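Place chain V on chain A using the hints.
Number of protein chains: 2
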Amino acid sequence: MILERFKVPEKDQVLVSEAALRRTVTQIFEKLGVSPEDSAEAADVLTMTDLRGVETHGVSNMLRAYVRDYKAGKLDPRPGWKVVRESPGTAVIDAERRLGVIVGPKGMRLAMDKARRVGIGVVTVFNSGHFGAIGHYAMQAAQEDMVGVCFTGAGLSVVPTFATKPLLGTNPIALAAPARHEAPMLFDAATSAIAGNKIRLAMRVGSPLLPGWVTDKEGTPIMEEKPVFDREEIFQAPLGGTREQGSHKGYGFALMAEVLSTLLAGALPTMLVPGSGSKNHFAAYHIEAFTDLEQFKTTMDEMLKTLRTAKPMAGQERVLYPGLSEAEEVLHRRAHGIPLHKEVLQWFAECTSEMGLAPLAQ
Amino acid sequence: MILERFKVPEKDQVLVSEAALRRTVTQIFEKLGVSPEDSAEAADVLTMTDLRGVETHGVSNMLRAYVRDYKAGKLDPRPGWKVVRESPGTAVIDAERRLGVIVGPKGMRLAMDKARRVGIGVVTVFNSGHFGAIGHYAMQAAQEDMVGVCFTGAGLSVVPTFATKPLLGTNPIALAAPARHEAPMLFDAATSAIAGNKIRLAMRVGSPLLPGWVTDKEGTPIMEEKPVFDREEIFQAPLGGTREQGSHKGYGFALMAEVLSTLLAGALPTMLVPGSGSKNHFAAYHIEAFTDLEQFKTTMDEMLKTLRTAKPMAGQERVLYPGLSEAEEVLHRRAHGIPLHKEVLQWFAECTSEMGLAPLAQ
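Chains as they are written, first to last, in the numbering used here: chain A, 1 to 362; chain V, 1 to 362.
The set of hints was computed from the structure by calculation and includes no laboratory data. Everything numeric in this text was worked out from a predicted model, so none of it was measured. Treat the hints with care, since some could be wrong.
As the list claims (entries may be wrong) - Distance ranges between label pairs, derived from CB positions: (1) V:E328 / A:A349: 55 to 63 angstroms; (2) V:V205 / A:D216: 30 to 38 angstroms; (3) A:R64 / V:G275: 49 to 57 angstroms; (4) V:S35 / A:K217: 52 to 60 angstroms; (5) V:A327 / A:E96: 33 to 41 angstroms; (6) V:S17 / A:R97: 55 to 63 angstroms; (7) A:V205 / V:G275: 27 to 35 angstroms; (8) V:P208 / A:D113: 51 to 59 angstroms; (9) A:P274 / V:H181: 51 to 59 angstroms.
Ideal Cβ positions, reconstructed from N, Cα and C, are used throughout, including at glycine.
Bound-form chain A, shown alone:
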């Protein structure tokens, strides 16, 4: 769940419907030369991410970057990809500079095909653009009664424990698993103390950064709460913040994601080739290969309900499990609209006008 400090202040909100957002985002991708089918899929990834309340990875931060990269020729809009190596349970894909939010759904579908045949499927992808919120691909598997897991190696923003400069990305890890009556478990977390996009968001809403989230330019964790006005003043810290608080574990999880995505794709990590694209790992576990699906869902329900109904500590309303507030947010936003910052609406207005598209309906 997103911290209060990151929400768009109500006075700056404009509410947009799911249908309108899907329509306009699809049209923007089509104008950039992406096929109608791929455009709809990319719009689905971004819209679902905004519906889940993960606005750091929805249209607000990401779409303008994608548009810029297509226009600059950094991304290839054409359909397809190249299978570099394949086995019954695995495949490695060269995305050939296609956008991650287009390649990602196909990567997880291929992993699921393999899982149906041999119990487990793993697909790695290299040479691609940004993947958005990888929890979306894990959820694809959960929606087909599988467990989905994703790892990403991308970027160069996180300082390893005791180092003085960033050598790793925020390298997120995600897992989704289906339940019956409870909302599916959906865990999707950067292995840094805070997601990179949350820093951008904090700067936009003028919110301070908390102790242990970032380091100074010498790699020393900043332990007082302070606002940041310039990304150039800071580096990011691994989850844990300081060695004593466990930053070596956040650092280790980031390296784990790097090995499972980048190294198993036969690619080079960003620390060796700065500016190289995102590398991803999609795993699907066919639940029926492991146990009875109905028993799995019953146990998930009992476990998630135990967490959801646990007595909360003083000052808290309730205990959450990963995916609960996201599921609630989807219901709420489908009914009431998706709150976008008015500045994001301004960007949409300019973009659609320039492309000769109808404006985003409000």
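Same frame as chain A, but now just chain V:
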């Protein structure tokens, strides 16, 4: 790497050779009715763990618990296990109350067999005793030129974010990957702020617990440094410590381990059946199924060397990568002996004497 505060104080150390420790530990297992082959394997897991300097999970804390559980009839010493469900890439094993350090190596070997055939192999195990340091099983894969990954669901000691009582175990996650000239990457971390065994170790060496490591009995994170004399005074916090510092991520990683081990074994989590055994997940990735093995090792070397030779922050001697200090410790302890606390030697003396075995050679 273990914090200084957890090392056995020099005045309390007794040095024991690898060969002597293997011999005596093997003999103890044999006396408990375990086959010679299984006894040697269990002794290998424990001795390697002590050689790596992970004394929290070596003979000091764990062996006496294993001996106690065999004597109480909680563990079955006989060879074997039951395959409950199997597919080309997966298997689920009922360990039928066998000890984890005996079942673990076999679980990873079965995962590797499957990985050789279909690229990836996943084996889950339920109804077993304790697995020791799961990094050991990940290392089995790395030693055969695969990437090894393990997850564990076990225990009931960690309070989910905002809850008031423990509903999860310390649920560790481990990954090992081979390099060529560099030491293999070996990451093995509890998803709690601190491993459960480290609290026992801190109590033995009289060391204080740091802010964010534990909560009070109402689930509120304790944010001052203080010594703990009674495990009953505290619960454990997830990695991150507080919500603001990212405890929801540590909590999410613990649930991830629970789903991939317990739920995919068709078992029930400890929160639903307190006292139920350890559940484990062993995954082996056949590197050749993904990319050229030699290129993989070259990239691992370049990545790990970049980390190892990075400029350290003020006050630190060097930057480590997961597995580096463990590899150095193995060399050092093979040459100079394994330091055990004199109180542990006292336990060995009583145990061997009672069993009619020769004492542990010093």
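Could one say that the CB atoms of P208 of chain V and D113 of chain A fall in the range 51 to 59 angstroms? Between P208 of chain V and D113 of chain A, where Cβ atoms are some 53 angstroms apart, the hint holds.
So does A327 of chain V sit 33 to 41 angstroms from E96 of chain A, Cβ to Cβ? holds (38 angstroms)
Assessment of proposed distance window 55 to 63 angstroms (beta carbons of S17 of chain V, R97 of chain A): Once the Cβ atoms are compared, 57 angstroms apart, the range 55 to 63 angstroms for R97 of chain A and S17 of chain V holds.
Verify the CB-CB distance for S35 of chain V and K217 of chain A against the hinted window 52 to 60 angstroms. At roughly 59 angstroms between Cβ atoms, K217 of chain A and S35 of chain V fall inside 52 to 60 angstroms, so the hint holds.
Within 49 to 57 angstroms: is that where the Cβ-Cβ distance between R64 of chain A and G275 of chain V falls? holds (54 angstroms)
Quick one: are V205 of chain A and G275 of chain V within 27 to 35 angstroms, going by C-beta? Cβ of V205 of chain A to Cβ of G275 of chain V: about 47 angstroms, so the range 27 to 35 angstroms is violated.
With respect to the beta-carbon atoms only, verify the hint that P274 of chain A and H181 of chain V lie 51 to 59 angstroms apart. Between P274 of chain A and H181 of chain V, where Cβ atoms are some 24 angstroms apart, the hint is violated.
Does the beta carbon distance between V205 of chain V and D216 of chain A stay inside 30 to 38 angstroms, or does it fall outside? For D216 of chain A against V205 of chain V, whose Cβ atoms are near 33 angstroms apart, the range 30 to 38 angstroms holds.
At the C-beta level, are E328 of chain V and A349 of chain A separated by a distance inside 55 to 63 angstroms? holds (59 angstroms)
In summary, the numbered hints that this structure violates are 7 and 9.
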